[in-house]
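Asker: Here's the letter readout for the chains.
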Amino acid sequence: MKKQEAIIEAQNLTVAYGDNVLLKNVNFTVNRGDVFVIMGASGGGKSSLLRVLTGLMPPAEGRILIGGKDFTAADENTKKEIMRHCGILYQGGALFSSMTLAENAALPLQQYTHYSPQAIREIADFKLALTGLAGFGDFYPSEISGGMKKRAGLARALALDPEILYFDEPSAGLDPISSRLLDDLIKDINDITGATIVVVSHELASIFAIGTNAIFLDAETKSITGYGSPQELLKNPPNDKIYEFLTRGAKHVR
Amino acid sequence: MSGLTYHIADNALEIKLEGDCGNFDNPSLAAELYALLSGGKILYLKIDGTSLTGWNAALSALSYGLSAAAERRNIKIETVRLPEDFERMRQLALAVHPHRPDKTVKALSFLERTGAGGLDVFKAVVKGGDFLAECLAALGRWIVGRAVMRRIDFWFALENASYRAVPIVALVSFMVGLILAFVGSIQLRNFGAQIYVASLVSIGMTRIMGAIMAGIIMSGRTGASYAATIGSMQANEEVDALKTMGIPPLDFLVLPRLLSLMITMPFLTILSDFSGIFGGMAVGVFMLGIPFEEYWRYSVDALGLSNFLVGLFHGWVYGIIIALCGCYYGIFSGRNADGVGKATTMAVVSSIVWMIVVTGGLTWFFSVVEI
Ligand SMILES: Nc1ncnc2c1ncn2[C@@H]1O[C@H](COP(=O)(O)OP(=O)(O)OP(=O)(O)O)[C@@H](O)[C@H]1O
Ligand SMILES: [Mg+2]
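So the protein sequences, as listed, match chains Y and H. Residue numbers for the first sequence, in the working numbering: 2 to 255. Residue numbers for the second sequence, in the working numbering: 2 to 372.
Source of the hints: derived by calculation from the structure; they are not laboratory data. Fair warning: there could be bad hints in the mix.
[Stated by the list, open to error] Sample of chain Y residues at the chain H side, in silico, Cβ under 10 Å: (1) F29; (2) M58; (3) P118; (4) K128; (5) A135; (6) P142; (7) L161; (8) D162; (9) I178; (10) D189; (11) N191; (12) D192; (13) G195.
Where is the CB? At the ideal position from N, CA and C, for every residue including glycine.
Given the sequences, and given the hints that come with them, work out the whole structure.
Answerer: Here is the structure:
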């Protein structure tokens, strides 16, 4: 067992769009080295929670600590410094369409490091190779498939060897084998670099394969109704909804 | 001693990584190594990390890059005591073997380029012709009441191309009338014929300037938005969805926009005409001191019905051009943010060019039939 050290702490977090409250006063902690899965029904506010965690949107209430520092109240520079150590894979890939894959992956390196252009290109190619895109560096996003866009987005997220990686539905839209390979990759990266990974996922196989800890967001009560490792949640489901979710709709007989 | 050193023994390239390489970044050394690997003499690559204590992303990327280059040339790779994390990342990157894509751009000779350019122009003409024909077919379907057009889309487009465009058209045309009168008055003063500023402005605006101003404004304001909207829909696969549902995109997307501009452009032209005349009047009455009644009489006297109708007709044609250019570039837009940007630019540029070309044709036509 690794030593448990909190890296992300959400305290009394309320996520809302104006009057539309998605989550109310939730608390959770992500430990360093975790693969932390955020589960919940579609439209339950998982992407929105991720937007709050990555600072794209302020929480309506409460605060987030990252590495013990108050991320919510931090000024722009501190936020930037914290985000420099975070990589994000968006739900749709979010690649810049006017840049090649290598240029996409190189962008954060150009922004934050002082490597020579050659070294940057080499690092970008390395990250692309890690995600199975060796040789695709000169392709434009419009020239590759949806799953490849996801992987290229991942390569870009990995560019700066982040300590925290946020994934929004990494395996959505992938075939079972690619999705399995992506899971393996996520686990390998977590294992080798020790990066903490926060992942939004619906995919049961993937949740059980990679998740070391998980929360279940409930849209009705706007709260976290399950908190623990996926296996643990399946064995001792705190409520019927979670059991149904983790078994694709089987009814829970007590 | 720290850093990367290499030496060649027979046909083996031995690379030694030593000490703390946390600041490694040496493009020329990397280029040397790659050149050696592709030179054809090397059969073995050995990477020794026995005394490597620290490294950065550049070194780790280089070790992968060299390994991959070696693998492609069937050069045997041996690694000696690389740090575990370092080695696992290298292995991981090498392990995933995609099919290697071939993306080669063939260089064309001058003759081929010219030919290809000519073909492109020809294809563009055919494509434009097809589009025009399909639009006519869509209009035909609409006339017999069989087009798939949502009434709400039409009202929305109409609203957008009508009263919402009034302020900008009125303002700009007013300024143009002002300028026309001001510049004209300087010349006419030489003959003591300042009063004819009134006729100058009213003929100029009604015959052509009103329509041109309305056209240019609407192409920037509305034609561009058509291209951007439809282009984003294309990028979002919405246009594909329409097609697979059996809904002709032309009916659904082009008709409401085309019809509403055909309806509103003549009215906007009238608005532009009169705004311009009022602009001229402001100069005539307040700067040149021409009495209001007199200015008004000269303006109205000069206002021939035929000039007015010719102007209206121009405006109507411009409306068609703006809608067609906007929709055409939207529908054939590239499927990404860049493509939508280009589509918008092309929509505005080409509608203005077509407006000028068509004006030339119409002017010639009206002079032949002596209107
Ligand atoms: N920009 C926004 N403004 C207002 N409401 C929004 C906005 N984005 C999302 N919402 C609302 O927030 C709710 C949650 O959206 P969110 O994208 O976080 O869901 P999700 O859990 O990620 O769903 P999915 O699994 O389908 O991606 C939705 O009901 C949506 O209507
Ligand atoms: Mg989402």
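Asker: None of the hints should be skipped; say for each whether it holds.
Answerer: Status of each hint after checking the structure:
1. With 10 Å as the threshold, the beta carbon of Y/F29 stays out of range of chain H, its nearest partner Cβ sitting at about 29 Å, so the hint is violated.
2. Interface hint at Y/M58: violated, since its Cβ lies 22 Å from the closest Cβ of chain H, which is beyond the 10 Å cut-off.
3. The beta carbon of Y/P118 is positioned within 10 Å of a beta carbon in chain H (closest approach about 8 Å), and the interface hint is therefore held.
4. Below 10 Å, beta-carbon pairs count as interface contacts, and Y/K128 has one with chain H at about 8 Å; its hint therefore holds.
5. Taken as an interface hint, Y/A135 checks out: its beta carbon lies about 6 Å from the nearest beta carbon of chain H, inside 10 Å.
6. Taking 10 Å as the C-beta contact cut-off toward chain H, the hint placing Y/P142 at the interface holds, the least distance being around 7 Å.
7. The restraint placing Y/L161 at the interface with chain H holds, with a minimum CB-CB distance near 8 Å, inside the 10 Å limit.
8. Annotation: interface hint on Y/D162 holds; nearest CB of chain H at approximately 6 Å, less than 10 Å.
9. Against a cut-off of 10 Å between C-beta atoms, the interface hint on Y/I178 is violated, since the closest Cβ of chain H lies about 12 Å away.
10. At its closest, the beta carbon of Y/D189 sits 6 Å from a beta carbon of chain H; the interface hint therefore holds under the 10 Å criterion.
11. The interface hint given for Y/N191 is violated, since its Cβ lies 12 Å from the closest Cβ of chain H, which is over the 10 Å cut-off.
12. With 10 Å as the threshold, the beta carbon of Y/D192 comes within range of chain H, its nearest partner Cβ sitting at about 8 Å, so the hint holds.
13. Because the beta carbon of Y/G195 sits about 9 Å from the nearest beta carbon in chain H, less than 10 Å, this interface hint is met.
Of the numbered hints stated above, those contradicted by the structure are hints 1, 2, 9 and 11, listed in ascending order.
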